[in-house]
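Chemist: Chains A and B supply the protein sequences, listed in that same order. If you use our numbering, the first sequence closes out at 285, no skipped numbers anywhere. If you use our numbering, the second sequence closes out at 345, no skipped numbers anywhere.
Accuracy of the hints is not assured; some may be wrong.
[Unchecked claim] Listed next, the in silico DSSO-like pairs over lysine-lysine satisfying Cα-Cα at most 30 angstroms (straight line):
1. A/LYS55 with B/LYS76
2. A/LYS114 with A/LYS68
3. A/LYS68 with B/LYS143
4. A/LYS242 with A/LYS257
5. A/LYS85 with B/LYS71
6. B/LYS243 with A/LYS85
7. A/LYS68 with A/LYS141
8. B/LYS222 with A/LYS128
9. A/LYS55 with A/LYS178
10. A/LYS11 with A/LYS85
11. A/LYS242 with A/LYS138
12. B/LYS151 with A/LYS114
13. A/LYS114 with A/LYS138
14. B/LYS242 with A/LYS153
15. B/LYS21 with A/LYS138
[Stated by the list, open to error] Okay, the calculated bits of chain A under chain B, using three or more residues with CB under 8 angstroms as the criterion:
16. 86–95
17. 116–130
18. 167–180
19. 232–243
Bear in mind the hints are in silico, worked out from the structure with no lab data behind them. Positions of the beta carbon are idealized from the N, C-alpha and C atoms, including for glycine.
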Amino acid sequence: MSGILEVKNLSVSFNTPDGELQILRDVSFSINKGEVLAIAGESGSGKSVLCKTVMKLLPESASIKSGRILIDGVDITGYSQKDMDKLRRNVLSMIFQDPVAALNPSISIGKQITEAVRVRNPDMKRDAVYNQVIKLMKLAGITEPERWYKLYPHNLSGGMCQRSVIAAALASNPKILFADEPTTSLDVITQVQILDLLGDIQKKFLTAIVFVSHDMGAVARIADRVLVMYAGQIVETGKVEDIFYAPEHPYTLKLIQSVPYFKYSSIHCASGTYPPGGGSGG
Amino acid sequence: MVYKNSCLYYGKKFINFILSVFVLSAAIFYIARLAPGDPLLSYYGSRVEKMSPEEREQAERKLGLDKPVYIQYISWLENAVQGNFGISYKYKTDVLKVISRRLPNTLFLGGTSFLLVFLIAPVIGVLCVWHEGKWPDRLVCKTGTIISCIPEFWMSLVLILVFAVKLKWLPSSGAYYIGREDDIPGRILHLILPITVVVTGHLWYYAYMVRNKLAEETRTMYVLFAKSKGLSKKDIILRHCLRNAMPSYLSIMAISVPHIMGGTYIVETVFSYPGIGTLSYESARYKDYNLLMVLCILSGILVILCNTIAQVINEQIDPRVKGNKAGRAVEVDGIG
Ligand SMILES: Nc1ncnc2c1ncn2[C@@H]1O[C@H](COP(=O)(O)OP(=O)(O)OP(=O)(O)O)[C@@H](O)[C@H]1O
Ligand SMILES: [Mg+2]
C-alpha cells in the first residue's frame, strides 16, 4: 500500500549571498493514513525545511533541486502557490512552534479560525460558519469557546494560542497535519495536554501527523514511526520501539540519551547504576 | 475606571497642547522682532522714507512698537485671549478677516493633495509588495527616488513651461481667471498643476514607507500560518498585512499633514496662488507682525495637533499596545 504522502529523493537548496546552500539531501520517506511519523534531529538539521517544502511555505530563495512529492499518488512537486492554496484548504495543515507568533496579533482568534472555515466553504451561511468554528474550538480542547472567540492572541496563554492554531488547522479536515515542534514553547503540563490532543485527533479523524521534535520523550509518547535527521539527511528510520531499544546511528543514541527518563530508567537502571547526584543529564 | 483613565489621558494631552501653543507664540513673537526689517514699511508704504523722526516715533507709538518686546507680547496675549489679534499692517483690516479670505484656497489645495497622497500611497505600496523584488517593484522604487529628489519649485517651473507656456492647456498662476471668481471649473483648472506638484513631491516617500512596512509584515510567522490555512495572497496582503501596517501608517499620515501643508506653502508662492502660503511669505517679508503671528501660530497648532493625533493613534488603536493594559485581567479569570 502506498502512503498518503510520499517523498522521494528530495533535495532542497537555498540561494544565499555566499552561494547555494544545500539543506536537504536525498530525503525519502512515506507516511500512511492515520499514522504518526516523528521527525527527530538536532537544531538546524532541516526538519522545518522539510515540512515547509511539502507545504510550499519556503521563501523564494529556496528551490527543489531534485526529487518528487506525492500526495495520495498525485505529484505536487511543480504545484504553483494557487494550486497549493487548494491543497492547503482541503488536505494539508500545519501548526507551528511559536503559536503566539503564528496568530495575527490584531485579529481575534475566533475570526482567524473563521477565515480557515470560510476559505474552505465560501458559500457557507454565517451561522453555519460560526457553529463550525465553535465546534472546531471545542475539538481543540477549548471549553466555553464562545467566551474566547472575541479575544486576541495577546489575551491568551501559549497553550490556548496553540489550541486556537490547532482549531484553525482542523478546519480543512486535513489528511496530513504537519506539527513543527508544537510543544517546544509550552510549559510541561501544557505540552502533555497538547500531545494528547494531537493523539486524539489522529485517532478520531485518522489524520496522518508529521510530528517534528527533538524531544524524544514526546516522540515516544505519540509516534508510530521515527525518522532521524542529521545535517539534511535521514540517518535512521524505524518503529519507535526499534529505534529506542536498538538505535543504529550514534546520533540517534545521543538523542535518546538526552531524555532523562530513558537515560536513567531504561538504559542505566538495567545495569543497576544510578549516576551520582543525577544532575548531569539535566 | 477605564472612563476616568481616558479622561485623564486626553486631559493631559490637551494641557500639553495648550502649553506648546503658548511657548510657540512667545518664541515666534520674539524671533519676528529680532529679524531685520521695518514694520512701519508695511503699514505706511513708501511714505516711511519721508517721515521725520518725530513722525516715526508717533507712528511706532500708534502701533505699540515703542515698548519693550515682553510688554508688547503681554498686551498681544491679553488681546489674543479675547479673540482680538489686531489688524494687518498691510491690508489695514482685521487679521482674522485677511486670513479667512485666503484659508479656503489653501485648505482646498492642501486637503486635496493630502487626500490623494493618503489614498494612492497604500495602493502603490501594495502593488510593490505584491510584486516584491520583481520589475514593477523595482521600477516604482527607482522612479520614486528620482522624482522625490526633484525640488518642488523646479518641478513647478517645468510644469508651467510645458503645460501653460508651450501647450497652453492650463493656467500658470492664480486661483481663478480674473474677474471670474465663482467659475468652479476654472478654479479646478488652476488647481491641477499645484496639486500635481505637491502630490508627486510627497507621494513616493509615503508609498515607500507603506511598501517597507508591508514587506516587513509579509515575513512574519502569522503570514506563514495564514498561508497554511489556504488563504490567498490577496487575503493575506489585504486582510492581514495591511491591517497590521495601518496603525503605523495612520500615525505617519497624521504627522504628514503639516509636511504636506508645508509643501503647499512653497508651491503656492511659485504659482502665485492666493493662499496661506503666499500670505505667510508676504507677511514675513513686510514685517506684518500681527498677521505673521497668527499665521505662524496656525501652522504651529497644525503641527502640534497632528503630532498629538499621531501619538494617540499609536497608543490607542493598536490592539497589541492596548491589550497590554486591558488584556491581562481576562486571562486570570479565564483560567479559574
Ligand atoms: N531562509 C533561509 N535561508 C537560508 N538558510 C536557511 C533558511 N531557512 C533555513 N535555513 C537553513 O536550513 C537549515 C535547516 O533549518 P531548519 O529550520 O529546517 O532546522 P530545524 O531542523 O527545523 O531546526 P530547529 O530544531 O532549530 O527548528 C539551517 O541550517 C538553516 O540555517
Ligand atoms: Mg524547526
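Chemist: Against each hint, give a clear statement of whether it holds in the structure.
Modeler: So, going through the hints one by one against the coordinates:
At roughly 78 angstroms between alpha-carbon atoms, A/LYS55 and B/LYS76 are farther apart than 30 angstroms, so this suggested pair is violated. In summary, the hint linking A/LYS114 to A/LYS68 is not supported, as the alpha carbons are separated by about 38 angstroms, beyond the 30 angstroms threshold. At most 30 angstroms may separate the alpha-carbon atoms for a hinted pair to count; A/LYS68 and B/LYS143 meet this at roughly 22 angstroms. About 18 angstroms separates the Cα atoms of A/LYS242 and A/LYS257, which keeps this hinted pair within 30 angstroms; it holds.
About 79 angstroms separates the Cα atoms of A/LYS85 and B/LYS71, which puts this hinted pair outside 30 angstroms; it is violated. A C-alpha spacing of about 11 angstroms is found between B/LYS243 and A/LYS85, which places the hinted pair at or below 30 angstroms, so the restraint holds. Annotation: proposed proximity of A/LYS68 to A/LYS141 is violated, straight-line Cα distance about 42 angstroms (limit 30 angstroms). Taken as a hint, the B/LYS222 and A/LYS128 pair is broken in the structure, with Cα atoms around 35 angstroms apart against an allowance of 30 angstroms.
Using a Cα cut-off of 30 angstroms, the hinted pair A/LYS55 and A/LYS178 holds, with the two alpha carbons roughly 16 angstroms apart. About 23 angstroms separates the Cα atoms of A/LYS11 and A/LYS85, which keeps this hinted pair within 30 angstroms; it holds. The suggested pairing of A/LYS242 with A/LYS138 is violated, with an alpha-carbon distance near 34 angstroms, which exceeds 30 angstroms. Only pairs whose Cα atoms come within 30 angstroms are accepted, and B/LYS151 paired with A/LYS114 is rejected, the gap being roughly 38 angstroms.
This hinted pair checks out: A/LYS114 and A/LYS138 have alpha carbons roughly 14 angstroms apart, not beyond 30 angstroms. A C-alpha spacing of about 25 angstroms is found between B/LYS242 and A/LYS153, which places the hinted pair at or below 30 angstroms, so the restraint holds. Distance check on the hinted pair: B/LYS21 and A/LYS138 sit about 47 angstroms apart at the alpha-carbon level, beyond 30 angstroms; violated. Only residues whose C-beta sits within less than 8 angstroms of a C-beta in chain B count toward coverage, and the segment 86–95 of chain A has 7 of them, enough to reach three; the restraint holds.
Coverage of a stretch by a chain is defined here by at least three residues with a beta carbon nearer than 8 angstroms to that chain's beta carbons; for the segment 116–130 of chain A and chain B the count is 4, and the condition holds. Check on the segment 167–180 of chain A: 5 of its residues sit with their Cβ under 8 angstroms from a Cβ of chain B, so the three-residue criterion for coverage holds. With a threshold of 8 angstroms between beta carbons, the proposed coverage of the segment 232–243 of chain A by chain B is violated, since 0 of its residues qualify and at least three are required.
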